[in-house]
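What follows is each chain in one-letter form.
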Amino acid sequence: LAKTTQPISMDSYEGQEVNITCSHNNIATNDYITWYQQFPSQGPRFIIQGYKTKVTNEVASLFIPADRKSSTLSLPRVSLSDTAVYYCLVGDGPYNQGGKLIFGQGTELSVKP
Amino acid sequence: DTEVTQTPKHLVMGMTNKKSLKCEQHMGHRAMYWYKQKAKKPPELMFVYSYEKLSINESVPSRFSPECPNSSLLNLHLHALQPEDSALYLCASSQLDSPLHFGNGTRLTVT
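As given, the protein sequences belong to chains A and B, one line each in that order.
Mapping of the first sequence onto my numbering: position 95 corresponds to residue 95, and the numbering continues sequentially without gaps.
Mapping of the second sequence onto my numbering: position 9 corresponds to residue 9, and the numbering continues sequentially without gaps.
Calculated from the structure, these hints are not laboratory results.
Idealized CB from N, CA, C, for every residue including glycine.
Mixed in with the good hints there might be a few duds.
Only part of the chain A face toward chain B is listed, based on derived beta-carbon distances under 7 Å [unchecked claim]: (1) Y13; (2) P40; (3) Q42; (4) G50; (5) S61; (6) F63; (7) G106.
Derived DSS-like pairs: lysine-lysine, alpha-carbon spacing no greater than 27 Å straight-line [unchecked claim]: (8) K69(A) - K41(B); (9) K100(A) - K40(B); (10) K40(B) - K53(B); (11) K100(A) - K41(B); (12) K112(A) - K19(B); (13) K53(B) - K112(A).
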């Protein structure tokens, strides 16, 4: 399984765009990149998944360069409620197909007023 | 609100007790998972059930015993736990081609 590396923590201010980069140098051909968000005392929540190039949904964008050795989660115009831990995961196949899904160390994002 | 329901929310048990954690989902998901999460750490995978059969056991000690009675329910039976087993236990479910949906966990304290 590809290991992921992310910054331990990041600070931002309300209204700013936040970019969190994840390194996954040993990503395999079949691996997809998935991001989850976790608030204190809650389970993680799926944000976005991608394989290559760019994926966008209503809450975030995911940028994946051609070599796929890293990925960047982009959160537009963050608010205080975006303060959470963000996990980057790499797994075999889309949504890991019921197999192993291993969480990295996560990035603790703190949004200030 | 979460579509994966875990009970109880909090549990305190002694090292000689036997207790069970319960997880229920009604989304028709055929894969179910147990994760353990210590404070300030990422969730660690414990078990995966696929179509009600245990498909992955991440070398979890036998004092943790999972059970999947049907496609909607997942239990984790606990016996002779140690204080270091105190953690947040998270259940999740998914279709094989969809993201994981997590419950909000059971906060377990072993005294």
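For each hint, the structure was consulted:
1. At its closest, the beta carbon of Y13(A) sits 24 Å from a beta carbon of chain B; the interface hint therefore is violated under the 7 Å criterion.
2. The criterion of a C-beta within 7 Å of any C-beta in chain B is not met by P40(A), whose closest approach is roughly 10 Å, and the hint is violated.
3. The interface hint given for Q42(A) is met, as the beta carbon of that residue sits about 5 Å from the closest beta carbon of chain B, less than 7 Å.
4. Interface hint status for G50(A): violated, as the beta-carbon distance to the closest one in chain B is roughly 12 Å, over 7 Å.
5. Nearest Cβ of chain B to the Cβ of S61(A): about 17 Å, over the 7 Å cut. The hint is violated.
6. Given the 7 Å rule on beta carbons, the hint for F63(A) is violated: about 19 Å separates it from the nearest Cβ of chain B.
7. The beta carbon of G106(A) is positioned within 7 Å of a beta carbon in chain B (closest approach about 5 Å), and the interface hint is therefore held.
8. With a CA separation close to 24 Å, the supplied pair K69(A) and K41(B) stays within the 27 Å bound.
9. For the suggested pair K100(A) and K40(B), the alpha carbons sit about 21 Å apart, so the restraint of at most 27 Å is met.
10. Restraint check for K40(B) and K53(B): the C-alpha separation of about 31 Å exceeds 27 Å, so the hint is violated.
11. For the proposed pair K100(A) and K41(B), the alpha carbon gap of about 18 Å is at most 27 Å, so the pair holds.
12. Our distance criterion of 27 Å between C-alpha atoms is broken by K112(A) and K19(B), whose separation comes to about 42 Å.
13. Proposed proximity of K53(B) and K112(A) is contradicted: the alpha carbons are some 46 Å apart, above 27 Å.
Checked against the numbered hints above, the structure violates hints 1, 2, 4, 5, 6, 10, 12, 13; every other hint is satisfied.
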